[in-house]
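For this one, chain A is given, so just place chain B on it according to the hints.
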Amino acid sequence: MNIPDNLKYTKDHEWIRIEGDIATVGITDFAQKELGDIVYVDINTLGETIEKEAVFGTVEAVKTVSDLFMPLTGEVIEVNSKLESAPDLVNTDPYGEGWMVKVKVADPASANTLLSAEDYKKVIGL
Amino acid sequence: MKNTALTQKHISLGAKMVPFAGFNMPVQYSGIVEEHLTVRNGVGVFDVSHMGEFILKGDKALDLIQKVTSNDASVLVDGKVQYSCLPNDKGGIVDDLLVYRIDAQTYMLVVNASNIEKDWNWISQHNTFGVDMKDISERTSLLAIQGPKAAQALQSLTDMDLASMQYYTFKKGKFAGVDNVLVSATGYTGAGGFEIYFDNEHAEKIWDAIFNAGKEFDIKPIGLGARDTLRLEMGFCLYGNDIDDTTSPIEAGLGWITKFTKKFINSEALLEQKNNGVSRKLVGFEMIERGIPRHGYEIKDAVGNTIGVVTSGTQSPSLNKAIGMGYVKTEFSKPDSEIFIQIRDKSIKAKVVKIPFIKK
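Residue numbers (the numbering used here), protein chains in the order written: chain A, 114 to 239; chain B, 128 to 487.
Any given hint could be a false lead.
[Claimed, not checked] Keeping only pairs whose Cα atoms sit at most 30 Å apart, straight-line, the calculated DSS-like set for lysine-lysine is: (1) B/K473 <-> B/K456; (2) A/K146 <-> B/K143; (3) A/K165 <-> B/K481; (4) B/K187 <-> B/K389; (5) B/K194 <-> B/K207; (6) A/K234 <-> B/K143; (7) B/K245 <-> A/K124; (8) A/K146 <-> B/K448; (9) B/K245 <-> B/K390; (10) B/K401 <-> B/K389; (11) B/K473 <-> A/K217; (12) A/K235 <-> B/K136; (13) A/K195 <-> A/K217; (14) B/K217 <-> B/K481; (15) B/K448 <-> B/K461; (16) B/K427 <-> A/K215; (17) B/K461 <-> B/K478; (18) B/K476 <-> B/K456; (19) A/K215 <-> A/K235; (20) B/K136 <-> A/K234; (21) B/K143 <-> A/K195; (22) B/K427 <-> B/K390; (23) B/K143 <-> A/K235; (24) B/K136 <-> B/K217; (25) B/K217 <-> B/K389; (26) B/K389 <-> B/K194; (27) A/K195 <-> B/K448; (28) A/K215 <-> B/K448; (29) B/K342 <-> A/K146; (30) B/K136 <-> A/K146; (31) B/K129 <-> A/K146; (32) A/K146 <-> B/K347; (33) A/K146 <-> B/K473; (34) B/K401 <-> B/K194; (35) A/K195 <-> B/K473; (36) A/K195 <-> B/K478; (37) A/K124 <-> B/K390; (38) B/K390 <-> A/K195; (39) B/K143 <-> B/K187.
Don't read these hints as lab results, they were simulated from the structure.
Just so it is clear, the structure is predicted and the values come from calculations on it, not from any experiment.
Okay, chain A solo, but in the shape it has when bound (with noise of 0.2 Å):
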C-alpha cells in the first residue's frame, strides 16, 4: 500500500497536495483498490465553491458507486479531463495522472485540520 509522506489525508479516502493555496484532490491507493475497476469519474461541480466535507462528485467502479468529499473549502477550478477517457488512471495511478480536481482553497490555514500519512495509515489499519 503506497501511502505518500508528502501528502495529507482525509478519514474519507482523499489525498491532498497544497501548494501556497491551490489543493489537487484524489482519492488514495486505499481507495482505489477498495473500489476495484474504476470506470467513470463524475464530476460537475467546475466552478462551483464547495464546503468542506460536501460531495463534489463521485466515483463509479464496476461493482459500486462511491461519493467525493471536499477535503477543504473552495472552488473548483480544474478537472481532470483526462479521466473523462481514461478513469482506470484512478487505479493504475492514484497519486500522478489519476488526480481529480484543483481547487483554490479559501482558508489555506485550515490545511492542517487534515490527517497526515501517519494518521491516515492508522485510519486504515496500517
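Relative to chain A, chain B alone:
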C-alpha cells in the same frame, strides 16, 4: 458466517472476501474486468459452493416437482437439466433453480444460497406426496469452470468426453481421481463450460487438479463480482435483484420456463397474466448518455414521470458501455423505447434493447 471448503484457498490466493448470503466468499482476485474477460475469452473457476442442493427421491418425486416448479419437468430424461422457478401463491417467485433428473425416482434441485431455508420450507410444505427430501448443501461443493476453453482445460482429468456434452446435460463419473463427481454442462455466464458437484472432502484435491490441468490454458480463479457482470451481459436474472417474492415470472420474461401444460402453484393466476398481459415488464437497456445504472434507481419518461425501477446495472466489461435491467411500464418495454435513469440529481438518457446484451 459460513465458509466453503475452499475459503482458506481463496484467502491464500489473495482474494478480497465479502459476506454473501451468509457465506464468506471471494468477490474478486485480480480485478473484476480482468476476471470477466478471462471467462469470456479463456477459462476461469468460480467456487459457488454456497449454493444449495436438495435430493428428492421416491415414486412421486416428479409429482412434487411438477407442483412446485413452473417449467415442465416431465420432459426431462436421465442426465438432463432444466432451468425453472418456484412460483409462490401471491404472483411472485420463491426462487429460481435448476432441476436435475438423476433417474426416474431421483432428482436434484439446485437453489440460491440466500434461499436455502426458505425453499426447503416451501417445498416441504407442499410435499403431500411422501417424497423423501434431503438437504445436501452443507456437504456439497460446487465449482463452475466457465469459458470457451473449459472443455479443453478439464479433459485430461476425466474419461468423460466433455466437448461432446450438450448444454444442460450432465454425467456422473470419475474426475481428478475422485469417484461420483457430477459434471454438468451448465453455468450462468453465457461463456460455456461446466459445473461440477462433489463432496467437500475432495474440494482441495479437485481445485488443485483443475488448476494444474488448466495451467496451459491460463485458467484463473474468478470472484462473485465477475459472475455478476457476466450474467448481466446475458440478461440472466439474479434472485433478489431482478426477481423476488413480488415479481411474477411473466413480468420477468420467464414465460419460457412457465409451462401451462400442467398445473402448478399459482398457475391459474399466471396463465391469466399471460393471456391478459402484464402492466410492467423486465427489460434490458443501455445508457445513451454517460452514467452507470444501479439497483434501485428510478426509471423515468421524457417528462419526468416515474415509469419503473432499475434492478441490475453495471459497466459491461465486454461491451465497454453501461447496461442494466429494470421493470418498466409495458408501454415502454419495446426495443428502442427512450427511457431515463435517475442517477443522483440527473435524468440520464437510455434506451430499451433486446437481451442478451452480448450476441454470440
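Hint check:
no., hint, in the structure
1, B/K473 <-> B/K456, "holds, 21 Å"
2, A/K146 <-> B/K143, "holds, 10 Å"
3, A/K165 <-> B/K481, "violated, 45 Å"
4, B/K187 <-> B/K389, "holds, 15 Å"
5, B/K194 <-> B/K207, "holds, 19 Å"
6, A/K234 <-> B/K143, "holds, 20 Å"
7, B/K245 <-> A/K124, "violated, 40 Å"
8, A/K146 <-> B/K448, "holds, 22 Å"
9, B/K245 <-> B/K390, "holds, 22 Å"
10, B/K401 <-> B/K389, "holds, 15 Å"
11, B/K473 <-> A/K217, "holds, 26 Å"
12, A/K235 <-> B/K136, "holds, 29 Å"
13, A/K195 <-> A/K217, "holds, 20 Å"
14, B/K217 <-> B/K481, "holds, 28 Å"
15, B/K448 <-> B/K461, "holds, 20 Å"
16, B/K427 <-> A/K215, "violated, 34 Å"
17, B/K461 <-> B/K478, "holds, 9 Å"
18, B/K476 <-> B/K456, "holds, 17 Å"
19, A/K215 <-> A/K235, "holds, 26 Å"
20, B/K136 <-> A/K234, "holds, 28 Å"
21, B/K143 <-> A/K195, "holds, 29 Å"
22, B/K427 <-> B/K390, "violated, 38 Å"
23, B/K143 <-> A/K235, "holds, 20 Å"
24, B/K136 <-> B/K217, "violated, 42 Å"
25, B/K217 <-> B/K389, "holds, 19 Å"
26, B/K389 <-> B/K194, "holds, 9 Å"
27, A/K195 <-> B/K448, "holds, 18 Å"
28, A/K215 <-> B/K448, "holds, 28 Å"
29, B/K342 <-> A/K146, "holds, 27 Å"
30, B/K136 <-> A/K146, "holds, 21 Å"
31, B/K129 <-> A/K146, "holds, 25 Å"
32, A/K146 <-> B/K347, "holds, 20 Å"
33, A/K146 <-> B/K473, "holds, 28 Å"
34, B/K401 <-> B/K194, "holds, 19 Å"
35, A/K195 <-> B/K473, "holds, 23 Å"
36, A/K195 <-> B/K478, "holds, 27 Å"
37, A/K124 <-> B/K390, "violated, 58 Å"
38, B/K390 <-> A/K195, "violated, 59 Å"
39, B/K143 <-> B/K187, "violated, 44 Å"
In summary, the structure is inconsistent with hints 3, 7, 16, 22, 24, 37, 38 and 39 from the numbered list given earlier, while agreeing with the others.
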